[in-house]
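Trainee: All chains should be modelled from the sequences, with the hints used to inform the complete structure.
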Amino acid sequence: MDYTLSEEQEQLRRLVEEFVGRDAKPYLDKHGREDFPWPLFRKLGELGLAAIPFPLAYGGGGLDYRCYALVLEELSRLGTALGSALAVHGLPQLILAKFGNEEQKQKYLPAMARAELLGAFALTEPHAGSDAQAIKTRAELRGDSYVLNGQKIWITHGGEADVYLVMAVTEKGLGAKGISAFIVEKGAPGLSFGKRERPMGLPHHTREVFFDDCVIPQANLVGNAGDGFKVAMTALDSGRITIAATSIGLAQQALDYALSYTLERTAFGKHIAEFQGIQFMLADMAAAVEAARCVMRKAAYLRDSGLPFNLEASMAKLLATDAAMKVTTDAVQIYGGYGTSEDYPVQELMREAKISQIVEGTNQIQRMVIARELLKKLRQ
Amino acid sequence: MPVNIIVCVKQILDPEIPSRDFRVDAEQREAVRGAANLVTNIFCENALETALQLKEKSGGKITVISYGADSTEDALRKALAMKADAAIHILNDGQAHPDPLSVAQVLAAAIRKLGEFDVVMLGRESGDWGVGQTAGLLAEELGVAAVAFVDKVEIGADGLQLKRQTDVGYERVAATMPLVISITNDEHNVPRIPKTRDVMMSFRQPLTKWTLEDLGVNAAEVRAGNHYYAVVDLFIPVQELNCEFVDGDTLEARVEKFAQRIIEVTGSM
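Chains P and D are the protein sequences, given in the same order. Quick note: the first sequence, position 59, residue 59 per my numbering, numbers continuous. Quick note: the second sequence, position 120, residue 500 per my numbering, numbers continuous.
No lab work stands behind these hints: they were computed from the structure. Where a beta carbon is used, it is the ideal one built from N, C-alpha and C, also for glycine. Warning: the hint list may mix true and false statements.
Going by beta-carbon spacing under 8 Å, a handful of chain D positions derived as facing chain P [stated by the list, open to error]:
#1 R457
#2 V511
#3 T576
Only pairs whose alpha carbons sit at most 25 Å apart, straight line, appear in this in silico DSS-like list of lysine-lysine [stated by the list, open to error]:
#4 K493(D) / K107(P)
#5 K43(P) / K575(D)
#6 K435(D) / K43(P)
#7 K25(P) / K575(D)
#8 K230(P) / K177(P)
#9 K43(P) / K437(D)
#10 K98(P) / K177(P)
#11 K463(D) / K493(D)
#12 K377(P) / K298(P)
#13 K575(D) / K105(P)
#14 K136(P) / K195(P)
#15 K463(D) / K43(P)
#16 K463(D) / K441(D)
Mentor: Written out as structure tokens, the structure is:
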């Protein structure tokens, strides 16, 4: 295993760096982060960045997860606005690529790779977050249609996305085995959206999604009936690597800001970088970022090699998001009062870091996954 | 009408690094690379973008040439990723400060080795030394006309229609080929960002490598350089801030003295 970037990876990183500097940052500075950055998303498609790890045959990049993670990390240096959009867009893509039938793949994947269609993933409900198998949204087969009833919450790209991968109960009383996965297109009868939720630091908001006798063709079932929970968990296992990658990009940016500030700011007649108290903070921040990055790359490497990676993916998500929280908080601390000002960038990174400890499985859930994997190995 | 285009590019130290990180080695009279990236000179990328747009309209072929150290391969791979058709790396194996004339001689030899061409495009100057002589010298070496500071190239009735920037506005030039053009930046030639797939494919494309010996130039002479050009000193200017108060009994006297001081200070600069 190699810890350095290959020439190809370095060129790919620079491509993203150029896109961030030339297109993304000026756009976000001008338009703010309130609305979904459609022109930037389309541009990601144009550059071939909207489907990096998905099959070439369906318009994807055909690249590995290490490249995907690298792109997400570099993209997230401007905050998670685009990194998280790409990661969320990747969940339905991954599900369709892995579990979809030929017709579904042809219909959605190339258009999603070109960023003509935006994807969303709808699992969480008001009373079912970590306990995902407790979802209540129902899908009943009536003739050759499924009829969905229920409510989802905190759905990233809700109202914006064109394609929703929705988990719903097809058979009551079976728990996880009674859940199935469906494609619901924007515009389906009975599909509506709530007001914008405003989660702290999630730039372009989430919405509730309502299904009120929402009718979709039977052909929109993804995989077999009853496979939905497995489908969702498979997507989230890989998704953890992407959240780790975006968090590491965010943390690296905060560290770079803090580092450079310690050579600008003077106190007691010298640069604050001269003080050991600051130096120790910088050292801990850098060590946390690097450690998380190594575990994240290992998880990606294992996945790319076709080896089990759940354990490492959960560790990566846990370590990277905790590192992001700590590093961005310390960056604010190093900036002192200025760090809390909206005129300086670090407070925004700190606000964006928090939610990463909660999404894609809270960090408590990650610990459960890690412990379960450890004990499973012991029992075998 | 398909156009056979050659674009010459140069790899330089990233000019976007924070000024705090910029150092020079006064003894060697060169910039210290430090942790900075090597990038393609921006005006060279403007030239390549101009060439790509011309080719999209007229058809033809773009060959990118660079004279530089081993690392120059990166700049050429990027040019291929931007969709240049071929890339040629002329290895600089030991000319520490290539002067514009020897660069022009090397490029001219490479272009002659390639054979026919319609137009050669270069950046108007490089972001490191900013000498801006290579295009003119190259035209001289090739024995063709040169047009400088061009920001737009279109196919004309009898060759190319060029728009060039001048101190007072712009000029439209009708030019017959073959010729050499130096390209300056404009909103229309902002270099494209290569697509992911093309970046990956660029590493599978062939890249021609020539040494000075392959070009049939006198390699020893080229390495020795031309003596018309020498870097005598290299330093980072030190900014000095002095605050001076001008006094006088009346406002008129103060203004008079103030004006006098401005003349003295600017006169001494």
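Trainee: Hints broken by the structure, by number, lowest first?
Mentor: The structure breaks hints 2, 4; every other hint is satisfied.
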